[in-house]
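S.K.: Chain residues, written in single-letter form:
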Amino acid sequence: MFEIVEARFLAQDIKLFKIYSPPIARKRKAGQFVIIRVTETGERIPLTIADSDPGQGTVTIIVQGIGKTTKELNTKAAGDTITDIVGPLGKPSHIEKFGTTVSIGGGVGTAIAYPTAVALKKAGNHVITINGARTKDMVILEDEMKAVSDEAFITTDDGSYGIHGFVTNKLQQLIDEGRQIDFVLAIGPIPMMQAVAEVTRPHGIYTVVSLNPIMVDGTGMCGGCRVQVDNKVQFACVDGPEFDAHKVNFRNLVNRNRVYHEYELKSLESYEHRCKLNKQADALKATSV
Amino acid sequence: MAEFLPPKERTKLPRQVMPEQDPLIRAHNFEEVNLGLTKEQAILDAQRCLQCKKPTCMDGCPVEIKIIDFLELVVEEDFLGAARKIKEDNVLPAICGRVCPQETQCEAKCVLAKRFEPVSIGRLERFVADYEMSKGITSEIPRIDKKGKKVAVVGSGPAGLSCAGDLINMGYDVTVFEALHELGGVLVYGIPEFRLPKEIVRKEVNNLRNMGVEFKTNVVIGATYSIDELMKEEGYSAVFVAVGAGLPWFMNIPGESLAGVYSANEFLTRVNLMKAYKFPEYDSPVLDCKERRVAVFGGGNVAMDAVRTALRLGAKATIYYRRSEAEMPARDEEIHHAKDEGVKFEMLTTPIELLGDENERLHSMKCIRMELGEPDASGRRRPVPIENSEYIEPVDIAIVAIGNGSNPLISQTSPDIDTNKWGNINVDGDTMRTSKPGVFAGGDIVTGGATVILALGAGRQAARGIDEYLTDGSW
Ligand SMILES: Cc1cc2nc3c(=O)[nH]c(=O)nc-3n(C[C@H](O)[C@H](O)[C@H](O)COP(=O)(O)OP(=O)(O)OC[C@H]3O[C@@H](n4cnc5c(N)ncnc54)[C@H](O)[C@@H]3O)c2cc1C
Ligand code: SF4
Ligand code: FES
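Here the protein sequences come in this chain order: A and B.
So that you can map any letter, position 66 of the first sequence is 66 in the numbering used here, and since no number is skipped, the others follow by simple counting.
So that you can map any letter, position 464 of the second sequence is 464 in the numbering used here, and since no number is skipped, the others follow by simple counting.
Think of the hints as simulated: they come from the structure by calculation, not from any bench.
Just so you know, not all the hints are guaranteed correct.
[To be verified] Just some of the chain A residues that point at chain B, by a computed CB distance under 10 Å:
id : residue
1  : Thr69
2  : Asp84
3  : Gly90
4  : Arg226
5  : Arg256
6  : Val259
7  : Glu269
[Stated by the list, open to error] Distance condition first, Cα-Cα at most 25 Å in a straight line; then the derived PhoX-like pairs of lysine-lysine:
id : chain 1 : residue 1 : chain 2 : residue 2
8  : B       : Lys232    : B       : Lys149
9  : A       : Lys266    : B       : Lys290
10 : A       : Lys29     : B       : Lys216
[What the hints assert, rightly or not] If you want the footprint, here are the derived chain B segments under chain A, 3+ residues with CB under 8 Å:
id : stretch
11 : 177 to 185
12 : 211 to 220
13 : 263 to 269
14 : 406 to 415
For glycine and all other residues, C-beta sits at the position ideal for the given N, C-alpha and C.
Kindly generate the complete structure, drawing on both the sequences and the hints.
M.R.: Set out below in structure tokens:
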């Protein structure tokens, strides 16, 4: 059992957790992830580490409630526990002094782009960050991103905040302005990462994406996380999760990630049904007292 | 108390048949197939032992269980004594009695095997271990002076568990680190419930815990701690690396990244460890096998476990193997059980391409027929493709069970541990020492995929090696 030390919503359905696990807090590097299980009957899901506090012994993860597991996790509060957390897994981001770097985060991907932006800054890069959200209320980590960036941009799909448009519009603009860009890291929904790859490809800008295939063990034992990079099979949990964006077969990733879609819906449905029954039972209990 | 019959009488007794669940019923459930000998059967079968002057059976046992002594105790109806006798050499008899390939080990070497049928050594091992468990008897807390030295065991499969058990008995403080959330290694994530109930593994682990072994799940050595950190910062004087085989092999044919293609490891882990057969009560799903055509590629125990698991999930399940049945490495018992349950066998056939729809969902495969040519390095006749024998067959789910490479996590983070070209750790065969002072290794990570009993034996041997090293301190 691992204790949740802190839990708060950053935006609608997006929640930050600090989980007590001193060895992971001490060891983790930017770009690595943990695998967690919320309950005894739960599945194992990978979550990228957003930050850690070795002094306090906590690991920070930021979660968007989409499926059963993430929604259930988002009902947890400080003082609650989760069954398992293991890590830090995967290879750390490759950090060096590239020159000018652009870190792009889409949605909750911003949380994952953040630690790498911090590391790139530390390595002496001129750090540009572009963070995209659907709408103003979904913008997260604005202050943190500003603090590590030499230039920080926010885009919203609906124009309710920052630049109206997608992260790729801003990236394209920077390139069109003739800015020298040496390295791009993009993390977010697959279509966004793929779009970024297509923007940088003609300019030969070294671009890295952090992939999120379905995982089970996270230690290289099952091969469920396999992705195609440069037409070769790679295990994202031990060979990645970061890969050269221009070599990733995104279509295969999308199709493999979709395979359990109907199961995920069923799982969510059955969870929400149980929640409803529990609420009704609680209400009954309350009235019968 | 019973005694042995005269030798002539003994050979007249028939080998006892183990009761098992009806094949048609068990094909739909995950309960154990074999039900175990009854007490009367156990005594009768042990009676058949000739108590040879030179008990050749023991030569066949990788850990040299004192087979004739324990069989004698069974005849005397001292089942608890028999269990204790086995445990002198094998700490996990309830497990080995179920999964050891006795037909190629002790029972193959039993003198009776030539003219009659061998003593049912494996079934008797299982019987006495289950008897002991049913009496709630657990191993005693070792009454030995603590040595005040800590040893780390990495991995909780059979190699790790046996090493931990021996070390605790020698007076060391032992911590087992396990990457997954459950203890037991392949015994819990690979071998299915219907062959080895997880409750038995849990009991064995608890037994070790009661003896003082400390278990830490969710710790990946090489990630959470490096081996150097264990030794320099966490105070461990020695480390035993028993991380098992890793990285499943694929066949390197087109289409293996299609959705609907699993490694056996993933398929079995989803079902066994994550309990996908109880979805949605448990969260992890596995693709619905009901009425689906499931193809399993391979001919070993892992392939048999995968195909029988798919069958139980309702599949029309078929094994595809590129050689003939005679070359199949799986245990005979598994092959027979699979056939009785309704698994189909396509021998001398191998897939050469997996085909999918526009969403990259597997829907069919291209296979080719094979014939057997000259023997290869393994001594088995090499399968050779028959020209123009390709055909296409519909398939919904494919499971690749052709073996495992080695997990890179340890060697990546401890480059001073020597490995061979397949990534298996090199050790001294007597002491189990690796090239890194204070670090020992054993089990599948050294041998490549092998057997539970060999892993257990390696764990024991390593415990002796570690004791020797920590006693005299020289490397
Ligand atoms: C499906 C299947 C069926 C089998 N059937 C049989 C059978 O019938 N009879 C038989 O004799 N053998 C059988 N085998 C083979 C047998 O299970 C193995 O040979 C044996 O389990 C090897 O034991 P081990 O202790 O070396 O490794 P494992 O049992 O593989 O255990 C290794 C453990 O280490 C953990 N680990 C890995 N890396 C790390 C790390 N970095 N840090 C911490 N922990 C780590 C793993 O999670 C695992 O729990 C079967 C194997 C499989 C896969
Ligand atoms: S070889 Fe067979 S008959 Fe002889 S002692 Fe061993 S089990 Fe008994
Ligand atoms: S998640 Fe199992 S090998 Fe990567």
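S.K.: Which hints from the list above does the structure break, by number from lowest to highest?
M.R.: When the structure is compared with the hints, none of them turns out to be violated.
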